[in-house]
Amino acid sequence: MKARVTVMLKSGVLDPQGKAIGQALNRLGFHGVGDVRQGKVIEVELDETDTSRAHAKLSEMCEKLLANTVIENYAIEFK
Amino acid sequence: MKAAVIVFPASNCDRDVAMALERATGKAPLMAWHGEANLPDQLDLIVLPGGFSYGDYLRCGAMAAHSPIMREVIARAKKGTPVLGICNGFQILCETGLLPGVLMRNASLKFVSRSVAMTVEAANTMFTARYTPGQTIRIPVAHGDGNYFADKATLDRLEGEGQVAFRYAQGDNPNGAARNIAGIFNERRTIMGMMPHPERVSEPLHGGTDGKAIFDSLVGALS
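From first to last, the protein sequence lines are chains A and B. Following our numbering, the numbering of the first sequence begins with 1 at its first residue and continues without gaps. Following our numbering, the numbering of the second sequence begins with 1 at its first residue and continues without gaps.
Calculated directly from the structure, the hints in this document are not laboratory data. Hints may be right or wrong, so weigh each one.
As the list claims (entries may be wrong) - Per label pair, the in silico range of CB-to-CB distance:
no., chain 1, residue 1, chain 2, residue 2, range
1, A, Lys2, B, Thr209, 52 to 62 Å
2, B, Thr136, A, Lys2, 48 to 58 Å
3, A, Asn26, B, Thr209, 30 to 40 Å
4, A, Leu14, B, Met31, 36 to 46 Å
5, B, Ala28, A, Arg53, 48 to 58 Å
6, A, Ser52, B, Thr209, 54 to 64 Å
7, B, Gly134, A, Lys79, 50 to 60 Å
8, B, Lys2, A, Phe78, 28 to 38 Å
9, A, Lys57, B, Asn186, 43 to 53 Å
10, A, Gly34, B, Pro40, 49 to 59 Å
11, A, Phe78, B, Thr136, 48 to 58 Å
12, B, His66, A, Glu43, 15 to 25 Å
13, A, Asn26, B, Ala37, 44 to 54 Å
14, A, Ala56, B, Thr132, 30 to 40 Å
Stated by the list, open to error - Computed cross-link-like contacts, DSBU-like style, restricted to lysine-lysine with a CA-CA straight-line distance of at most 30 Å:
no., chain 1, residue 1, chain 2, residue 2
15, B, Lys110, A, Lys19
16, B, Lys212, A, Lys64
17, A, Lys79, A, Lys2
18, A, Lys79, A, Lys57
19, A, Lys64, B, Lys27
20, B, Lys152, B, Lys27
21, B, Lys79, B, Lys212
22, A, Lys40, A, Lys2
23, B, Lys110, A, Lys10
24, B, Lys110, A, Lys57
Note that beta-carbon positions come from the ideal geometry of N, C-alpha and C, so glycine has one too.
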């Protein structure tokens, strides 16, 4: 089973990279671009067939390593 | 004082801090490789040096926080063995949860390598006893991720409980750190993390000696 974990900075946490990307888009002539946030996508292959068990395992991975929950949120989806 | 310096892959200030410790204590510290599982029983101080452990993969300090030696470091720290984390060492301490908060990317997005002015916020600790409270000192920083962040309640608690060790001087905050925080203690003040590099200004040939007091304070308290 393949899962995709998306890690994003929590709203309210300064994201200077997202801000720089937004400014660059504006400079390129893409007007009307609002807030831009940058995150990470981590794909994980799991030897697991049960989605809820896989979800539980991935949540633990996120809490322990993949995300720093002081500043980041994570979302798990299966492909 | 028997000290150990933990060496991770891509630590790059381990020998500098070992030299500063040797000058202060008169003997070379133990250099402990990250893959080891144990540290000697009699140990007065553990130092996590600066660098780019594990290439800063995922987040600064995230990989190092889970390396084999860190289990032992965390266990010792919880028993009260003093721990000093400098730069990457501070990031690792935050990733392990031994210190609250996190070091984010510098607000400028730039790597900053220069001397900064900061004030000593707490001089009644084993790490800072040789400073005077409120003293302004100059110590260099060299990092891309030193923007200290924690939620408001945590910041209030750090300030209220006297857990802020150093603050960047007004107008000299190099990274956007919340409340100009350059270094903090845990609640018992047995663990200190700081972004600036005291080992780089620990003898006259360095062009400054403002960092030396940290090593002298530790020797005074732990020998």
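**Asked** Given a hinted range of 36 to 46 Å, is it respected by the beta-carbon distance of leucine 14 (chain A) and methionine 31 (chain B)?
**Response** Taking Cβ atoms as reference, leucine 14 (chain A) and methionine 31 (chain B) lie about 37 Å apart, which means the hint holds.
**Item:** 30 Å Cα cutoff - pair lysine 110 (chain B), lysine 10 (chain A)
**Value:** 22 Å, holds
**Pairwise beta carbon distance, asparagine 26 (chain A) to alanine 37 (chain B), judged against the given window 44 to 54 Å** = The hint (44 to 54 Å, Cβ to Cβ) holds, given that asparagine 26 (chain A) and alanine 37 (chain B) are roughly 52 Å apart.
**Item:** Pairwise beta carbon distance, histidine 66 (chain B) to glutamate 43 (chain A), judged against the given window 15 to 25 Å
**Value:** Cβ of histidine 66 (chain B) to Cβ of glutamate 43 (chain A): about 20 Å, so the range 15 to 25 Å holds.
**Prompt:** Is lysine 212 (chain B) close enough to lysine 64 (chain A), meaning Cα to Cα at most 30 Å?
**Reply:** Violated, at about 36 Å.
**Message:** Verify the CB-CB distance for asparagine 26 (chain A) and threonine 209 (chain B) against the hinted window 30 to 40 Å.
**Reply:** Taking Cβ atoms as reference, asparagine 26 (chain A) and threonine 209 (chain B) lie about 48 Å apart, which means the hint is violated.
**Prompt:** Within 30 Å, alpha carbon to alpha carbon, are lysine 40 (chain A) and lysine 2 (chain A)?
**Reply:** Holds, at about 16 Å.
**Request:** Take the C-alpha atoms of lysine 79 (chain A) and lysine 2 (chain A), compute the straight-line distance between them, and say whether it is at most 30 Å.
**Result:** 6 Å, holds
**Message:** Does lysine 57 (chain A) sit within 30 Å of lysine 110 (chain B), going by the straight-line distance between their CA atoms?
**Reply:** Violated: lysine 110 (chain B) and lysine 57 (chain A) sit about 36 Å apart, past 30 Å.
**Message:** For lysine 79 (chain B) and lysine 212 (chain B), compute the direct alpha-carbon distance and say whether it is at most 30 Å.
**Reply:** Holds, at about 27 Å.
**Prompt:** Is the hinted pair lysine 64 (chain A) and lysine 27 (chain B) satisfied, with a Cα-Cα distance of at most 30 Å?
**Reply:** Cα-Cα ~38 Å, so violated.
**Asked** Between serine 52 (chain A) and threonine 209 (chain B), does the C-beta distance stay in 54 to 64 Å?
**Response** 60 Å, holds
Checked against the numbered hints above, the structure violates hints 3, 8, 9, 14, 16, 19, 20, 24; every other hint is satisfied.
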